[in-house]
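**Student:** These protein sequences, in sequence, are chains A and B. Once you know that position 317 of the first sequence is 314 in this note's numbering, the rest is easy, because the numbers rise by one and skip nothing. Once you know that position 90 of the second sequence is 87 in this note's numbering, the rest is easy, because the numbers rise by one and skip nothing.
No lab work stands behind these hints: they were computed from the structure. Computed from a prediction, not measured in an experiment: that's the story for all the values here. Any given hint might turn out to be false.
Claimed, not checked - Restraint ranges, calculated between C-beta atoms of paired labels, are given here:
hint, chain 1, residue 1, chain 2, residue 2, range
1, B, N304, A, S162, 36 to 44 Å
2, A, D74, B, D274, 42 to 50 Å
3, B, N329, A, L297, 25 to 33 Å
4, A, S190, B, D274, 28 to 36 Å
C-beta atoms are modelled at their ideal positions from N, C-alpha and C, and glycine is treated no differently.
Letter by letter, the chains look like this.
2 protein chains.
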Amino acid sequence: MRYFHFCKLPGRVMGIRLLRFTSVVIIVLLLVAGALTALLPNIKDDKMPNLRREPKTQSQSALDSFTLIMQTYNRTDLLLKLLNHYQAIPHLHKVIVVWNNVGEKIPEEMWNSLGPHPVPVVFKVQTVNHMRNRLQNFPELETKDLALHMISKAVLMMDDDTLVSAHDLAFAFSVWQQFPEQIVGFVPRKHISTPSGVYTYGSFELQNPGFGNGDLYSMVLIGAAFFHSGYLEDFQKQPEAVHALIDETQNCDDIAMNFLVAKNTGKSSGVFVKPVDIRNLEKDTNSGYSGMWHRAEHLLQRSYCVNKLVNIYDGMPLKYSNIMISQFGFPNYANHKNKM
Amino acid sequence: MRYFHFCKLPGRVMGIRLLRFTSVVIIVLLLVAGALTALLPNIKDDKMPNLRREPKTQSQSALDSFTLIMQTYNRTDLLLKLLNHYQAIPHLHKVIVVWNNVGEKIPEEMWNSLGPHPVPVVFKVQTVNHMRNRLQNFPELETKDLALHMISKAVLMMDDDTLVSAHDLAFAFSVWQQFPEQIVGFVPRKHISTPSGVYTYGSFELQNPGFGNGDLYSMVLIGAAFFHSGYLEDFQKQPEAVHALIDETQNCDDIAMNFLVAKNTGKSSGVFVKPVDIRNLEKDTNSGYSGMWHRAEHLLQRSYCVNKLVNIYDGMPLKYSNIMISQFGFPNYANHKNKM
């Protein structure tokens, strides 16, 4: 705004000139406003590849939004079905699809032709079909604020065959905000010590490590969980033996992440949020491909990984927890009414 | 252990003297050990009034044990039934019974005649029958460690008509250890803002303060909850108007404590642990007395208290939460099995 200096003129003349002046200013401002409105960008962006336009949530605090990372192999039909669901989750900032279909074109044209989409989706083409591709510290995760400070954000990592309801995700995200240094997710697992000192990996069928008083978990799987994006950077800095183990087994990246988080925090690596509506869609795929966990050696491999990681890290950092978090009064308040 | 200096003697002589010496030392140690075993204190203590003997848990970290404070009025039959239950809860250090039966003798003789008891129980005779008697900073709460440092401990506060199972209490205590600055308990309540700015107090029947997505609570009642004993000291330091409000209504001490904790932490005052087995025994009493909450004006009084406290503190410090904590896999692992 420019400041105008007014000459000292007699009162009445001054008054009329002021009136004329302010009228002109108002008219000019209205014209400018009209021009700006006409110049607002058109929403349809179908000519822009990859939708790199920043969404309106840029001013949102970095802790208030998350990036979905979904790795996909040989189940593009499930991927697209899930993207239609996940793209609309509250507080989602961006989607990164880790494209493990080496040599196959990403469905970018189709994606764009079916725009607009609520958030940007980036397809990251991979050169090898490796499990740990999804644990790269993707540049797309970094956001800089207006002062050009780097802001880390939450990651939601989902397997490409898992559907979790919007309510579950919104709630679990709010729980992650209260436990930002832990993996907050929907799938708990445990390790068991045996007298021989050899560990075994498993789920609820496995014995309690405690005294018969309920169950315990010591890991939360990252295939349906929130965690701090800084852990991806940490993961890249882990000993080469860890990366080699994951490459050798094409498995256990999630166990390795739990070791990393437990070592980092000295607490249990995960916080389990009990899902109300979680669905495995693998039966619905047309590809016939049904996921790594169906391999005969899958669970034995994971026990193997636990023991290898204990060797690599020279100790067992995982800690047990029996905290199970649910959403108060959801779906209805019957879930907390006292029977007193 | 004394260190013996050995003269430098020729080898063989040295060897025999050493052998004799070590044999003597071993025999002496065995005799001493035998003597100590014989001198171990006898468990039966039925001649000691009030059982002020420190329990074996004195070396236990102060965060690993709690003191039960139970205020009682006109329901001695329930009190005694509950004491038989609560005295055996794991990690209980001591019981303080706040005896509001003014002019009536405490059942000390009967209590002692039915000893021994697992923990010390102290009867604190009150001179007036006041609701906030239970919020005194009782000297019995203080424990000094070997270096004479003051150690604060957890308080479990229970109404004298409420039975909570040992499993629930053991679990909730472990949860309190993870949230030591909050009130961790079994009874959630909420306040609601209305457009007029006047607050209302209530439970799940009251509208959601949110957007229809589940329920919220902003208080955890202290009549069945763990909290840090330091808050009792804090409570005594609150403005006189707070104490006067509780005396005027003979109600709302728990609401006042939630205000205090919320102001202190800037977070939600409570963490709700969903009880598996909680029972109200008030129908079982022979006294015919059925508790303050049956008074017609009880809930209106509590809304009144919320508004008065907002005036006194010049603001509403209570914060909402929707975190509900349950024990993973208890009573059985069906409570967390995925239906995927």
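**Student:** Would you mind marking each hint as holding or not holding in the structure?
**Tutor:** Do the hints match the structure? See the list:
no., hint, verdict
1, N304/B / S162/A: 36 to 44 Å, "holds, 38 Å"
2, D74/A / D274/B: 42 to 50 Å, "holds, 47 Å"
3, N329/B / L297/A: 25 to 33 Å, "holds, 27 Å"
4, S190/A / D274/B: 28 to 36 Å, "holds, 31 Å"
Comparing the model with each earlier hint shows no violations; every hint is respected.
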